[in-house]
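These protein sequences, in sequence, are chains A and B. Using our numbering, the letters of the first sequence correspond one by one to residues 82 to 520. Using our numbering, the letters of the second sequence correspond one by one to residues 82 to 520.
In case anyone wonders, no lab produced these hints; they're calculated from the structure. Any given hint could be a false lead.
Which copy is meant is left open, so a pair is good if it fits within one copy or across any two.
Said to hold, decoys possible - With a straight-line cut-off of 25 Å between C-alpha atoms, the simulated BS3-like cross-links for lysine-lysine are: (1) LYS161 with LYS258; (2) LYS519 with LYS493; (3) LYS210 with LYS191.
Given the structure is predicted, the values throughout are model-derived calculations rather than measurements.
Number of protein chains: 2
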Amino acid sequence: MTFAARPLRLSTADAGFDAALAQRLHWSAEVNAQVEDTVTTVLAEVQRRGDAAVLEFTARWDHLEATSVAGLELTQAELKAAFDGLPAAQRAALEAAAARVRTYHEAQKKASGESWSYRDDDGTLLGQKVTPLDRVGIYVPGGKAAYPSSVLMNALPAHVAGVGEIIMVVPTPRGEKNALVLAAAHLAGVTRAFTVGGAQAVAALAYGTQTIPAVDKITGPGRDYVAAAKRRVFGLVGIDMIAGPSEILVLADGSTPPDWVAMDLFSQAEHDELAQSILLCPDAGYIAQVQAAIDRLLPEMPRAEIIAASLNGRGALIQTRSMEEACEISNRIAPEHLEVASADPHRWEPLLKHAGAIFLGAFTSESLGDYCAGPNHVLPTSTTARFSSPLGVYDFQKRSSIIEVSEAGADKLGRIAFELACGEGLQAHARAAEMRLKR
Amino acid sequence: MTFAARPLRLSTADAGFDAALAQRLHWSAEVNAQVEDTVTTVLAEVQRRGDAAVLEFTARWDHLEATSVAGLELTQAELKAAFDGLPAAQRAALEAAAARVRTYHEAQKKASGESWSYRDDDGTLLGQKVTPLDRVGIYVPGGKAAYPSSVLMNALPAHVAGVGEIIMVVPTPRGEKNALVLAAAHLAGVTRAFTVGGAQAVAALAYGTQTIPAVDKITGPGRDYVAAAKRRVFGLVGIDMIAGPSEILVLADGSTPPDWVAMDLFSQAEHDELAQSILLCPDAGYIAQVQAAIDRLLPEMPRAEIIAASLNGRGALIQTRSMEEACEISNRIAPEHLEVASADPHRWEPLLKHAGAIFLGAFTSESLGDYCAGPNHVLPTSTTARFSSPLGVYDFQKRSSIIEVSEAGADKLGRIAFELACGEGLQAHARAAEMRLKR
Numbered sequence: 082m083t084f085a086a087r088p089l090r091l092s093t094a095d096a097g098f099d100a101a102l103a104q105r106l107h108w109s110a111e112v113n114a115q116v117e118d119t120v121t122t123v124l125a126e127v128q129r130r131g132d133a134a135v136l137e138f139t140a141r142w143d144h145l146e147a148t149s150v151a152g153l154e155l156t157q158a159e160l161k162a163a164f165d166g167l168p169a170a171q172r173a174a175l176e177a178a179a180a181r182v183r184t185y186h187e188a189q190k191k192a193s194g195e196s197w198s199y200r201d202d203d204g205t206l207l208g209q210k211v212t213p214l215d216r217v218g219i220y221v222p223g224g225k226a227a228y229p230s231s232v233l234m235n236a237l238p239a240h241v242a243g244v245g246e247i248i249m250v251v252p253t254p255r256g257e258k259n260a261l262v263l264a265a266a267h268l269a270g271v272t273r274a275f276t277v278g279g280a281q282a283v284a285a286l287a288y289g290t291q292t293i294p295a296v297d298k299i300t301g302p303g304r305d306y307v308a309a310a311k312r313r314v315f316g317l318v319g320i321d322m323i324a325g326p327s328e329i330l331v332l333a334d335g336s337t338p339p340d341w342v343a344m345d346l347f348s349q350a351e352h353d354e355l356a357q358s359i360l361l362c363p364d365a366g367y368i369a370q371v372q373a374a375i376d377r378l379l380p381e382m383p384r385a386e387i388i389a390a391s392l393n394g395r396g397a398l399i400q401t402r403s404m405e406e407a408c409e410i411s412n413r414i415a416p417e418h419l420e421v422a423s424a425d426p427h428r429w430e431p432l433l434k435h436a437g438a439i440f441l442g443a444f445t446s447e448s449l450g451d452y453c454a455g456p457n458h459v460l461p462t463s464t465t466a467r468f469s470s471p472l473g474v475y476d477f478q479k480r481s482s483i484i485e486v487s488e489a490g491a492d493k494l495g496r497i498a499f500e501l502a503c504g505e506g507l508q509a510h511a512r513a514a515e516m517r518l519k520r
Numbered sequence: 082m083t084f085a086a087r088p089l090r091l092s093t094a095d096a097g098f099d100a101a102l103a104q105r106l107h108w109s110a111e112v113n114a115q116v117e118d119t120v121t122t123v124l125a126e127v128q129r130r131g132d133a134a135v136l137e138f139t140a141r142w143d144h145l146e147a148t149s150v151a152g153l154e155l156t157q158a159e160l161k162a163a164f165d166g167l168p169a170a171q172r173a174a175l176e177a178a179a180a181r182v183r184t185y186h187e188a189q190k191k192a193s194g195e196s197w198s199y200r201d202d203d204g205t206l207l208g209q210k211v212t213p214l215d216r217v218g219i220y221v222p223g224g225k226a227a228y229p230s231s232v233l234m235n236a237l238p239a240h241v242a243g244v245g246e247i248i249m250v251v252p253t254p255r256g257e258k259n260a261l262v263l264a265a266a267h268l269a270g271v272t273r274a275f276t277v278g279g280a281q282a283v284a285a286l287a288y289g290t291q292t293i294p295a296v297d298k299i300t301g302p303g304r305d306y307v308a309a310a311k312r313r314v315f316g317l318v319g320i321d322m323i324a325g326p327s328e329i330l331v332l333a334d335g336s337t338p339p340d341w342v343a344m345d346l347f348s349q350a351e352h353d354e355l356a357q358s359i360l361l362c363p364d365a366g367y368i369a370q371v372q373a374a375i376d377r378l379l380p381e382m383p384r385a386e387i388i389a390a391s392l393n394g395r396g397a398l399i400q401t402r403s404m405e406e407a408c409e410i411s412n413r414i415a416p417e418h419l420e421v422a423s424a425d426p427h428r429w430e431p432l433l434k435h436a437g438a439i440f441l442g443a444f445t446s447e448s449l450g451d452y453c454a455g456p457n458h459v460l461p462t463s464t465t466a467r468f469s470s471p472l473g474v475y476d477f478q479k480r481s482s483i484i485e486v487s488e489a490g491a492d493k494l495g496r497i498a499f500e501l502a503c504g505e506g507l508q509a510h511a512r513a514a515e516m517r518l519k520r
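Same shape as in the complex, but just chain A (with noise of 0.2 Å):
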């Protein structure tokens, strides 16, 4: 069986251009009501049952039998002996993977996640205290698309934060583990591990069962059921992002060697048929040559299938008149990863307003990102960059604002405040700081 991959030849010459991108880029997040009434049902019989709902639901849909919910815990020795079962070369992988992305959100931490502080002349104290989240559960999806990457990317930055207790959940379907995420749990610190997934798990985190502790926000990718669930929970708990399919899209200048773009654009082709890859180069030869480094490329690929499927359904490589205008068109796209395949990345980075990640240079794979350059691969899909950042140790961290008023102050500050209390006609705000006056 051989498949050939012919992403949509576009250029922003073309009349049509912006309806024809426009439509390649369409995805559609519309509620779906049959997932939206299942999720109603699960959502209410797991706070209304708790573990037995949970057990029902584990056993009708991932045809995983329990008694109990104990039974579906994976236990510290457990994680610890996935880890140590692990052939050297995966498990040296795993740490080094580790390290680095500790490193990087250590380093997120000390630059955006401190507490602050400052005094006026009048001595009022003002700032804002940052402190970690009590209790977290991440959802790592399993089966087919079972990602140890996820566990560390979702747990290391709740680690470096000082989350108390982060509970996971990962889905075993027919109580198939996969020994990675075991021992990725083990080794970024999980708490607590259950064999539980889909919107039963985001319930139980939620509300909490018998035996799954409630926690404070759920984090972690999951589409149609889990996604739905996490938007239901939302607000009684926090939540991270809801995700759509994978997205990437490669400036090129034409100096990146067109197979490792090809090969790029192939890593995003193959997680899923809906993933969407984009070229943007002003170059057609260029683009020609990639388009030969496809076809001679997917032959050896295992997952040539669904990269065809991804790239004939949503790919798309696009001539623009110039570099500036591909960033013109990348800040519209709001990319979830963004290569810039570029001799001069620096030129065009500045341009860049909206990405979830920005890889830079043509050594930069998004490969490399994913597994251990350091940064977070749970970044914002579907043009949500525009307003979304990749996970963080920001997400496991809340602020609370620290105001302590002097004496002087209070004078200073009860004289506004009275002012704009009366002009809202909130009276007992405005004697609540005329009280504070100097007599």
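Dock chain B against the given chain A, drawing on the hints supplied.
Coordinates of chain B only, in the frame set by chain A:
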């Protein structure tokens, strides 16, 4: 008409204390089916018909007729005229408050909202670029609770973040405009303002209409319809939080004048009947003094009826065994506003983990923080301070990871990524890394 306010008296030494406290704290954020149905319709109609739907809903619910949405836009001249027309004392107070809020948020941006990066020994660059959102919408409540301070608290952090366009929506039922709200919009640098409210305003900002531009994020308080609409459009745009009723918790060691504490409890209670005011104190005699102050001061308050309803329905005066225990209970409640009415507030502050804002010492009334101390008054409610933060500059920024792997780095990282990608069965990821290894 006279009113009596008798907040529930509890003691942590009581047998049923935990249950009684839980019952008092209970506030259901449950989804209301009628609200949801209406919001579903409003969202669909505004998405489909744009301006026409906005006009219809505004006429129906705000009793405000207009022939075009352009007719609902407040011009910059109108905002400036409102500012120029304020009484001098009010204008000066508004300016002083705005200056302080701006200064605080500039410090916040400097402390936690700047780009950062570092280089590995092998030259690999890692960091995060922090950039402002392009366009945001701020929802300002109107009608009976029109708060100009909310305009400052939403618009100024956006302005400090560097947001390109700030679109304000504020309902003006029957066309009644609040001069202070318009003046605050002028002062805070709002780009465009529309007299539209409710779910239709949220829909217009999320989808865009012929006249109202689509934004990247919507912030600002609002309950019922507005909150339900924000929850529904989350993902298409960013939102700040889902607000519940406002709360204050006062931790008192008995050193603050009881009148001051009583008035601070009133400040919260006067917002609405669902607002919650709680006092925690180890000294029964002091609690009695606060109750006596409540009895004495209540008749003087213009909003006595609302204050009495709030304190009787949701208020509590709780005797604790110690200040340490009071801090522990405060963490359980995770209040929006937390006053530490103590002669030694810095002794207790380190014990306080969860709160939107912490007001230290007798002179720091919540009302000073509400208007002009500098920190934001948009704070997490209903125990969400466990996982969320005050509105801040960070709500109007997003982050992009920056990765530039050197040639030497690609060789080192490529080997790790290759190993892990093989372990996850993602061969294109593995090949992309392998291609960049040194020959």
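Cross-check of the supplied hints:
no. : hint               : verdict
1   : LYS161 with LYS258 : within (14 Å within a copy, 65 Å between copies)
2   : LYS519 with LYS493 : within (9 Å within a copy, 66 Å between copies)
3   : LYS210 with LYS191 : both (14 Å within a copy, 15 Å between copies)
When each numbered hint is compared with the structure, no violation occurs for any of them.
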